[in-house]
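Participant: Residue-level listing of the chains:
Protein chains: 2
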Amino acid sequence: MGNLPEAWILTIGNEIINGVITDTNRETISRELRSAGILVKGMSSVPDDLGFIGDALRIALDRARVVIVSGGLGPTEDDKTAEAVGAFLGVPLKSDPEQLARIEERFLQWSRPMSPTNAKQAFFPETAVPIPNDYGTAPGFLIEREGSIALFFPGVPRELVRMLRERGIPAIRERLGASDKVFINRTLRVYGLSESKLGEILGDVAHDEEDYHLAFLPRFPIIRLRIDVAAATPQEAEEKLAAKEAVLKERLPENIISRDGRSMEQVVLELLEARQMTLALAESITGGMIGEMLTRVAGSSKTFLGSVVSYSNDMKIDLLGVSPDTIRGLGAVSHQCAAEMAEGARRAAHADLAVAVTGIAGPDGGTPEKPVGTFFLGLATPDETLTRGFLLPGTREWVRTLAAMQALDLLRRFLLGMRIHGKPPEEG
Amino acid sequence: MGNLPEAWILTIGNEIINGVITDTNRETISRELRSAGILVKGMSSVPDDLGFIGDALRIALDRARVVIVSGGLGPTEDDKTAEAVGAFLGVPLKSDPEQLARIEERFLQWSRPMSPTNAKQAFFPETAVPIPNDYGTAPGFLIEREGSIALFFPGVPRELVRMLRERGIPAIRERLGASDKVFINRTLRVYGLSESKLGEILGDVAHDEEDYHLAFLPRFPIIRLRIDVAAATPQEAEEKLAAKEAVLKERLPENIISRDGRSMEQVVLELLEARQMTLALAESITGGMIGEMLTRVAGSSKTFLGSVVSYSNDMKIDLLGVSPDTIRGLGAVSHQCAAEMAEGARRAAHADLAVAVTGIAGPDGGTPEKPVGTFFLGLATPDETLTRGFLLPGTREWVRTLAAMQALDLLRRFLLGMRIHGKPPEEG
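Sequence order for the protein chains is A and B.
In terms of the working numbering, the first sequence opens at residue -3 and continues consecutively.
In terms of the working numbering, the second sequence opens at residue -3 and continues consecutively.
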């Protein structure tokens, strides 16, 4: 997408420079700016130091029309951003009565005494315009210098992103007369395809063009596809986005799990609820991970009844009714054991559906016949029990995570009437 | 720690600038440098662009004696770092036969054909000194300019950190005649104290001094305490570190869970193994999280038998033998239910110990008597069953995470013979 104003991001904080925290504000700011049609061309970070902050601000303002700064607006002695900007501009700091009143009001709301140091947060360089903070004590501010502007926000991610969205972006648009186009985006979540496979499938639609951009954002084992479009009117933008999304849906009829940020576990729980079905689990290799994922979702107790985490063979036999002969003859990691575990969990929990997972996560425990990564899934339904076998790649952590996601994806596919992946029993 | 050479970190990549990935290389490099006695004073990031890279490199070399650069050394067209450095220095690129041979050899080892684009990775600015890569295809390189040096590494975190540690730091020491002191560090993990409480307890020992630095690194719900010391000899450094650690141990006799990076779950599993005891769980509020945490650890099956994730009341009754009267009269979130769940899990799994967790994670489901965050722990042992009540703060995610950690910490404290926290039944 061309012809956009360019921005620089500057984050301030000793803890960033010392490697004590992961600075995620930079990527958040970059994505928010992109949604508003502003391209980032560089980023820098400096400690809470007057000289370093002034130097970094000068470098940024010399290179971009918009500079977004985060951090150093707190009440402590370490927080030096306002003072540094005053020194940089050569103007004194001045307390802003309106912002001071807002800070005092906030402490009243919290019924907490306001520390004298918080009054410092209402001091801004004389020529700055305050940016009120509706979510915390530290207001931000805006300065202009030779046709460029710099906006300063607190480093608290939650406050920063809301202030930037609600007050920062409109202020930038107003001051720079930035693009009056409408920018919208949507993120699809994709499971079950590698990044390179996805690249093959979408190669010809993934190029950048005027007013359209498709980004791959892998977060193992999910890949998010973010579509950004711009157009003259909201309606045109919506139509354009729908057309681009339709192409992706046609290319990936089974692998897009959601288009609105819902996770795999949310999708599965909603499908269960829509079909009025309850679910139980028998987890071995995953140790409880699938239940943990499902119960992250508030309200999951409507459809999720529980799980038997049968790490030991005795628990498989005693609580799930797996036959000792199955374990002795075929092993706990087998199609037959997965089937009996699923049936046992369904019976024990009085559930409509049950899924069982058993496998070898490594690093030890593999054999030539059943190497690390060997994994079996069982699904017991009112009508039938089916099993599937897989060889999962990677470390113990990867194998376990993939096992949990394969189990949830099996449920999703079953509930949507799609093909079920993996090797059926007759193939081993 | 004073009088150390100062460094600048520059990371290069379009995906960093676009906010597509979280750039964790910056913090990794910062910590590695600190361990070597080199202080970072600033960081910047630019896209894969010749002009931006040259500009950022000049800014960094003007400000620090050591510049560490990562990214842009891959084989694709996007990777422009070597070319940008050549242009910056005003020297042509030249292929290095030794590095080319190493790349070819690596592809032979992998039995994969080498792409012609990989040959590009052996091209360096004429005046640069190559830095071999023992862990991937992209070699790094070093340049000098007016008394400062810049070292370039690939952006792959695993390769970067090893190359920096094994080749980069020694090269910096050699060239800058940096400190010949010995720098060592140790990280203690602390659970059960807030950062502000820890600040109070350690206020007078947390100050920075020559050759000693104590950092708080919170990663909810654990706080890591990192001790850095420097001394003239390895023995002196070890003695100094031991003395500093002894002070922390005295101040925090029960809250330091490990001194060598072991997680809470690893510590609990090792205590169980040392005492030759087996463990079972009955998880309600955590949905499987505790089992998942324990089974992350390879070899956990030696002591961890399994878990009954009884999200529904029926499963509590059928599989754990909780009395229906308990659930009807006192509720599933009660001391009595926690006790019966623990006893039921111990019995069902034939375990030596069992821990049960039940509570209200929210956001819904709270009542005036039992608000969101109400949480009960049960521990069944061969000798007795005890329960504890808590009111946990925060979001659903926090409540669940704290519930899991409290359960593991209860086990740790029981196995170490420490006091058990929380309200006993008589207090409600």
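Treat the hints with care, since some could be wrong.
In this list, chains with the same sequence are indistinguishable; a pair is considered to hold if it fits within one copy or across any two.
Claimed, not checked - Calculated lysine to any residue pairs in the SDA-like style (CA-CA distance at most 20 Å, straight line): (1) K298 to D360; (2) K366 to T183; (3) K116 to E101; (4) K90 to P153; (5) K245 to R222.
No wet-lab data here; the hints were simulated from the structure.
Participant: Are the hints correct? Go through all of them and say.
Facilitator: Tested hints:
1. K298 to D360: between (38 Å within a copy, 13 Å between copies)
2. K366 to T183: Neither: 38 Å inside a copy, 39 Å across copies.
3. K116 to E101: within (15 Å within a copy, 62 Å between copies)
4. K90 to P153: neither (26 Å within a copy, 45 Å between copies)
5. K245 to R222: Within one copy only: 13 Å inside, 49 Å across.
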